[in-house]
Amino acid sequence: MAKRQSTPNPAFDSVRSCQTVEQAVFAFRAEYKVAHATYHLAQTAISRFDSMYVRTTYSAEWVSRYLQRNYVNIDPVLKEGVQRQFPFDWSELELTAAVLPLFEDAMAHGLGPSGYSIPIVDKNFRRALFTINTFETGEAWIDLVNSHKTAWVNAAFLIHDMAMKEIHGSNDQALHLSPREIECLTLAARGKDHKDIALILRLSAYTVQGYLKSARHKLGSVNIPQAIAEAIRSRIINP
Amino acid sequence: MFLTIQAHQYDTHRHLLDDMYRLRKRVFVDEAKWTIPHENGREIDRYDTLGPAYLVWCNPERTRLYGSLRLLPTTGPTLLYDTFRATFPGDACLAAPGIWEGTRLCIDKANLTADHPEILPVRAFGLLLLAATECALAHGIDTIITNYEPHLARIYARAGLPVDELGRADGYGRFPVCCGVFELSEAVAATMRRKLGIGLPLYRHAHLPSGYRAVSAPKTPETRKVAAHA
Chain A
1 MAKRQSTPNP AFDSVRSCQT VEQAVFAFRA EYKVAHATYH LAQTAISRFD SMYVRTTYSA
61 EWVSRYLQRN YVNIDPVLKE GVQRQFPFDW SELELTAAVL PLFEDAMAHG LGPSGYSIPI
121 VDKNFRRALF TINTFETGEA WIDLVNSHKT AWVNAAFLIH DMAMKEIHGS NDQALHLSPR
181 EIECLTLAAR GKDHKDIALI LRLSAYTVQG YLKSARHKLG SVNIPQAIAE AIRSRIINP
Chain B
1 MFLTIQAHQY DTHRHLLDDM YRLRKRVFVD EAKWTIPHEN GREIDRYDTL GPAYLVWCNP
61 ERTRLYGSLR LLPTTGPTLL YDTFRATFPG DACLAAPGIW EGTRLCIDKA NLTADHPEIL
121 PVRAFGLLLL AATECALAHG IDTIITNYEP HLARIYARAG LPVDELGRAD GYGRFPVCCG
181 VFELSEAVAA TMRRKLGIGL PLYRHAHLPS GYRAVSAPKT PETRKVAAHA
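Heads up: the protein sequence lines correspond to chains A and B, in order.
The numbering used here applies: residue 1 is where the first sequence begins, and numbers increase by one.
The numbering used here applies: residue 1 is where the second sequence begins, and numbers increase by one.
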C-alpha cells in the first residue's frame, strides 16, 4: 500500500477500513507482522469467559482449550490487564508456579513468547485489553515495541471504538467537542497549521496540537484531514 | 526512590497509599483550603476508586512517603474533565491516548526535612516532576494536563517543566486553581536533569529482554519477579 506523507501511521487505514472487529485484529496482525492480536472487552458483572466479547487471531483450537481448562481464572495478562492503566510488557508480570503451565501450553498452541498488552478505558467506565503477541524476543522485541507502541495504543483505541459500534450499533462515545477543539479544527480546515492557530488563539503550539489530537480522537479519525472531513460531515464545524 | 503503584499493587503498598491519602488531606484540605471530600483525616475522592496509577516518592524501605501524584488516562473519566468543564468549558476537555491527567501533586515537607534536610521544597517539586516526566515517557505519555495553585507555575518553570495555563477558576480554595498542560519529551527531561543537576534517571522502568520462555524454568519455586521497578 502506498505510504502517504500526511498519514503518520498508514497501517491505520487497513485496520479502520475493516467492517468488523474480527477483520480488524487480522488486519492489525498483517500490518505489523506480529503473531497474534486480541481485543478483549472486560465485563465487570460477569466473569464467564463465554459471555465476554473477544476478537482474536488465536486458533480456534487454542481458544477452546483456554475455555475448557478455565485458564481465564488464572491468566495473569487478563487479570492484571483489566486493573493496570499503563501498557505493559508480559515480562513485567509476576508469574507464580501455578500459571507457568498456561504459558507453556499457549506456546505449544501457536503463541509466541513475547507479549504487549494495552489497557483501554473510556468515558463510559468500560475497560478493555488489546494484546499483541509475537515470536520476537530480546532486543528485537524491545525495538519492535519501542518503535510501534504509540501507533499500537492508537490502533487499540480505534478497535475499541469499532467494537462499541459493533455492540451498540453506533458510536456512543461520540463526545461533544469543546469550543477550543472546534476553533482549532475550524482553523485547521481553513489551511492553518498548528503554529498559525497558536498565534491566532494565543495558545502555545503544543497546546493546539493537544486540542487537535483530542478532537481527532473524539471523532474516531486517524489523522487531522479525516477529522476535519468527519467534523464537516457531522456539521460540527462550518469552515 | 520513585515507584508507580497500579491497582494490582494497591494491596502490597496499602500503607504507602494510606500515608498518601493523609498527606493529601493536610496539603489540599488543611493548607490549600480546597473544598473537597475528606474523611478520617484522609482525602479520597471518586477518582481514587477508578484504579488510577500513583507515582510515589518514598524511602528505599518503602516506609516513609515524600510525595505523590495521581495519574489517569484522559480517554476515561477524569477529575479535570468533570470539574473544569463546568467552570470554563472548552479548556480542560482534552481526551486522547497519550494525554493523561496528573492531579494531587504534593510533597511531604515534614518527612523530607527530617530525612533529607538538604532537599528544599522547590527542589523536591523539581525531583518529583522529573520522575513524573520519566514515568510518563516510559509509558508513552506525551502530555499531562494538571491543576495547581498559581504560585506553583514558577516552581515548575524553575524545574525546567513550564506549564501552559489553559484557564483558572476561583472559589475552590485559598487561591484560584489553574488548569494547565505539561509538554513532555526526552528533550524536556534532559533540560530538567540539567537544571536539577541529576545525572541518572530517577524513575526506572526496567524491561528484561525476555518473554515468558525464560520464565518457564523458574529459579525459585514460588514466585519469580520478572521485572523490577527500581
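In short, the hints are calculated from the structure, not lab data.
We treat Cβ as the ideally placed atom computed from N, Cα and C, and that holds for glycine.
Honestly, I wouldn't trust all of these hints.
With beta-carbon atoms standing in for the labels, derived distance ranges [stated by the list, open to error]:
hint, chain 1, residue 1, chain 2, residue 2, range
1, B, Thr12, A, Asn73, 18 to 28 Å
2, B, Ala114, A, Asp193, 33 to 43 Å
3, A, Leu201, B, His151, 39 to 49 Å
4, A, Met52, B, Tyr10, 46 to 56 Å
5, A, Gln23, B, Tyr10, 32 to 42 Å
6, A, Ala98, B, Asn40, 31 to 41 Å
7, A, Ala98, B, Val122, 43 to 53 Å
So, against the hints stated earlier in the document, which numbers end up violated here? Structure breaks hints 2, 3, 4.
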